[in-house]
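Chains as they are written, first to last, in the numbering used here: chain Z, 1 to 312; chain E, 313 to 561.
In case anyone wonders, no lab produced these hints; they're calculated from the structure. By construction, the Cβ of each residue, glycine as well, lies at the ideal position given by its N, Cα and C atoms. Please note that the accuracy of each hint is not assured.
Below, a list of computed lysine-lysine pairs in the DSS-like style, where the Cα atoms sit at most 25 angstroms apart [as the list claims (entries may be wrong)]:
{"no.": "1", "chain 1": "Z", "residue 1": "308", "chain 2": "E", "residue 2": "414"}
{"no.": "2", "chain 1": "E", "residue 1": "559", "chain 2": "Z", "residue 2": "274"}
{"no.": "3", "chain 1": "E", "residue 1": "553", "chain 2": "Z", "residue 2": "220"}
{"no.": "4", "chain 1": "Z", "residue 1": "308", "chain 2": "E", "residue 2": "553"}
{"no.": "5", "chain 1": "E", "residue 1": "414", "chain 2": "Z", "residue 2": "156"}
{"no.": "6", "chain 1": "E", "residue 1": "414", "chain 2": "Z", "residue 2": "79"}
Covered, in the sense of this in silico footprint (three residues per stretch, anywhere, with C-beta under 8 angstroms from a C-beta of chain Z), are these stretches of chain E [said to hold, decoys possible]:
{"no.": "7", "segment": "322-331"}
{"no.": "8", "segment": "355-369"}
{"no.": "9", "segment": "426-435"}
{"no.": "10", "segment": "500-510"}
{"no.": "11", "segment": "526-533"}
{"no.": "12", "segment": "538-544"}
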Amino acid sequence: MSVLVIAEHDNSSIKPSTLPTITAARALDSDVHVLVAGAGSDEAASAAGKIHGISKVLHCDDAAYEHGLAENMGQLIAKIAPDYSHILAPASFFGKNILPRAAALVDVQQISDVSAIEGADTFVRPIYAGNGFETVQISDTPKMLTIRTTGFDPVKSEGGSAPVENIDSADDTGLTEFVSRELTKSERPELTAADIIISGGRGLASGENFEKLIEPIADKLSAAIGASRAAVDAGYVPNDYQVGQTGKIVAPNLYIAVGISGAIQHLAGMKDSKVIVAINKDEEAPIFQISDYGLVGDLFEILPELDKALSA
Amino acid sequence: MKIIVPVKRVIDAYVTVRVKADQTGVETANVKMSMNPFCEIAVEEAIRLKEAGKADEVIAVTAGPAQCQETLRAAMAMGADRAILIQTDDELQPLAVAKLLKAVVDKENPEIVMLGKQAIDGDHNQTGQMLSALLGWGVAAFASKIECGDDNVTVTREIDGGLETLKLKLPAVITTDLRLNEPRYASLPNIMKAKKKQLDTMTPDELGVDIAPRFKTLKVTEPPERQAGIMVDSVSDLVEKLRNEAKVI
Ligand SMILES: Cc1cc2nc3c(=O)[nH]c(=O)nc-3n(C[C@H](O)[C@H](O)[C@H](O)COP(=O)(O)OP(=O)(O)OC[C@H]3O[C@@H](n4cnc5c(N)ncnc54)[C@H](O)[C@@H]3O)c2cc1C
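Looking at chain Z on its own, in the form it has when it is part of the complex (with noise of 0.2 angstroms):
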């Protein structure tokens, strides 16, 4: 039987988040197909056909799906779910939000954050903040997983040409309505995707701290910029900053932590990143404990110095 994953995209192009999954999707069948459910979504849908490994776009184009609401994305996963083995989301906010509604509809445990797999049945998945993994074992059908995306490669997102099969919509079920959405706008690579990420904790002590000492390195690193929740709390940056057992789940090649202790929450956020930088004043701050490279010191100083030893 094929796999389905559910794609992560705004209309007009696919989210990086869903590479990954694919690329999960693949280690289980190689029959793979990318559920596109949007309005207006043509352009989304033909990326889609692009990504490399997929066999079949499956799109379905209504105004019930524009903004992606649980209630409809879950009625519609839960009418095609008797074709598929397995049905696969990214365990991002999005993916979080409408899979376990599709998996109660068809009376099936969706397995949450899977960072490996081990079989067709079987998958290890992170427990308490990371401080533990357990290999689970699951007998309902299809098994319903969302992808800690962390965990796999992505696919490459060209040179595929996956033919695009126009299905029919599910019930708009009315129950919500969209009102708004306040994207923060960025033209910085996604939290999720980049290769080089700063973030900065409560030891920033502002937003303008942010934008007069993070910022600037960001841009010279063409990096994301992220947060502890102390700042998003704060409200020195704004909430999809976060990174965390509760926020974003990040794994960079390089990830530099200004002014953030390293508590065990935040830690499970960004601990698989390949390469740790930690700047803070207290030498005994957990997250040295992890760090590959350590400097002890206050940020108001070694930022604008590092700033400009980028810049030589």
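Starting from the known structure of chain Z, fit chain E with the ligand onto it as the hints suggest.
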């Protein structure tokens, strides 16, 4: 308006969790247990809606062993009016919990079920979304702001790229994110009062719900250790190492 707030007893967020040597799970003996932080946020929000005159009753519900009464008392000490314990010593997975909660909702007919977006033990992040599906209600997951109308509720929720606002018909399910509010501490008099509040106990059997687990945990292992690296003395040293040793910039 009636609000049901499901809550969960978990290992306290500030305890370092250790995997058992025999790989059957994590150490829970002599470990401090607390209400899941996201559930506290849900309780707080429900109580605030009551204090604002939008809700008239807040009912805390949990499923689990007898010790979970403590968690319900904690919710009542914060301000919940009464509580329901669905008592079982069996393992509960999110779909089973959603079914148990549906059975309670069918009896109580609340306008809102407000619950934490995830429990910090299993980190599943499923129960609210599943419950909404079983009930056929609208859902707003990861809420950071809630405004109650007469027959609808407007919720701002955290999404991948920022924030989104939805308007839901009531009844509805809402799951709470970190920035919705800061939960209060219960005062001593309220802790005393909570001891006298009504706490009903029922069982999954009485509710007619099959809670058989759907997945089996084969083993629980420790995360890969990450070795601490080196300390550098200066910014120039750091940049040199990143360029020539790690080769990441
Ligand atoms: C349920 C739950 C979920 C959570 N989820 C997350 C999550 O997803 N992500 C997350 O990040 N957190 C999360 N947390 C919060 C987490 O426990 C910590 O509170 C948070 O990560 C702390 O952020 P911080 O390191 O910026 O702040 P702090 O712990 O206050 O650390 C600030 C650091 O900055 C350093 N510093 C201060 N001034 C300077 C200076 N001038 N120069 C250099 N260094 C300086 C200090 O030495 C300190 O180490 C969660 C908590 C709970 C309970």
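Checked hints:
1. For a cut-off of 25 angstroms, the pair hint linking residue 308 of chain Z to residue 414 of chain E is broken: about 59 angstroms separates their Cα positions.
2. With a C-alpha separation of about 11 angstroms, the suggested pairing of residue 559 of chain E with residue 274 of chain Z holds against the 25 angstroms cut-off.
3. A distance of roughly 17 angstroms separates the Cα atoms of residue 553 of chain E and residue 220 of chain Z; the hinted pair therefore holds under the 25 angstroms criterion.
4. In summary, the hint linking residue 308 of chain Z to residue 553 of chain E is supported, as the alpha carbons are separated by about 16 angstroms, within the 25 angstroms threshold.
5. For a cut-off of 25 angstroms, the pair hint linking residue 414 of chain E to residue 156 of chain Z is broken: about 43 angstroms separates their Cα positions.
6. Taking the CA atoms of residue 414 of chain E and residue 79 of chain Z, the gap is about 22 angstroms. The hint holds against a cut of 25 angstroms.
7. With 6 residues bearing a CB less than 8 angstroms from a CB of chain Z, the segment 322-331 of chain E meets the requirement of three and the coverage assertion stands.
8. Counting residues of the segment 355-369 of chain E whose beta carbon lies closer than 8 angstroms to any beta carbon of chain Z gives 0, which falls below the threshold of three, so the coverage claim is violated.
9. Counting residues of the segment 426-435 of chain E whose CB lies closer than 8 angstroms to any CB of chain Z gives 6, which reaches the minimum of 3, so the coverage claim holds.
10. Under a criterion of three residues with beta carbons nearer than 8 angstroms to beta carbons of chain Z, the stated coverage of the segment 500-510 of chain E fails, only 0 such residues being counted.
11. Check result for the segment 526-533 of chain E against chain Z: holds, 8 residues qualifying (beta carbon to beta carbon below 8 angstroms, three or more required).
12. With a threshold of 8 angstroms between beta carbons, the proposed coverage of the segment 538-544 of chain E by chain Z holds, since 6 of its residues qualify and at least three are required.
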